[in-house]
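Modelling step: build the complete structure from the supplied sequences, incorporating the hints.
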Amino acid sequence: MSSVKVKLKKTDIDKLAEVCKSFNNEPGELINVLHKAQEIFGYLPSEVQEVIAHELKVPVAKVYGVVTFYSFFTMTPKGKFPISICTGTACYVRGAEKVLDEFKKELNIQVGDTTADGKFSLSCLRCVGACGLAPVVLIGEKTYGRVAPDDVKQIIKEYMDQ
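First residue of the sequence shown? That's 0 in numbering that gives the first Met the number 0, and the numbers climb one at a time after it.
Since the hints were made in silico from the structure, they are not lab data. C-beta: ideal position from N, C-alpha, C; glycine also. Any given hint might turn out to be false.
Listed below are the simulated DSSO-like cross-link pairs for lysine-lysine, each with C-alpha atoms no more than 27 Å apart in a straight line [stated by the list, open to error]: (1) K103 - K9; (2) K104 - K141; (3) K103 - K118; (4) K56 - K118; (5) K9 - K77; (6) K56 - K8.
Beta-carbon label-pair distances, calculated as ranges [claimed, not checked]: (7) D160 - P58: 43 to 49 Å; (8) H53 - E105: 38 to 44 Å; (9) D149 - V5: 24 to 30 Å; (10) G144 - K118: 20 to 26 Å; (11) S70 - T10: 28 to 34 Å; (12) G27 - G111: 29 to 35 Å.
Pasting the structure below:
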């Protein structure tokens, strides 16, 4: 995977410094700072991690370790409409894999990828706590329950003109 250097503007660096400051530049607040930073930028490229490490006075390796450990954090930009398919036990047993395959086929991307137009990205997650609705698909903040492979086309269509 080639790494593209992201050039942070001074305003972005200042914004990150403000976020860190809002958590008193406390190293113990790293996860909260990362959540806020991802909310702002949409993802956590290495340049963002370096600024956070500098502000919190922790090694960049520690920041990177946290970012790569927690599946919520991402180092690659997500699509405008991030699609997450739950592959936890209940969803898996009820056919989440077939639903995932259908999304991959319809969008012509693999898990971890973003469509060329930047509209959709595809990921899997473990459990959203809606097991009674299995299989579950999240698109942004919206939850779709009891999704069948036949529903995928219609779900994607809802977002095409947005």
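Do the hints match the structure? See the list:
1. K103 - K9: Violated, at about 38 Å.
2. K104 - K141: holds, 21 Å
3. K103 - K118: holds, 14 Å
4. K56 - K118: violated, 36 Å
5. K9 - K77: holds, 23 Å
6. K56 - K8: Within the cut-off at roughly 21 Å; holds.
7. D160 - P58: 43 to 49 Å: Since the Cβ atoms of D160 and P58 sit about 46 Å apart, the hinted range of 43 to 49 Å holds.
8. H53 - E105: 38 to 44 Å: holds, 42 Å
9. D149 - V5: 24 to 30 Å: violated, 40 Å
10. G144 - K118: 20 to 26 Å: holds, 23 Å
11. S70 - T10: 28 to 34 Å: holds, 30 Å
12. G27 - G111: 29 to 35 Å: holds, 30 Å
The earlier numbered hints that this structure contradicts are 1, 4, 9.
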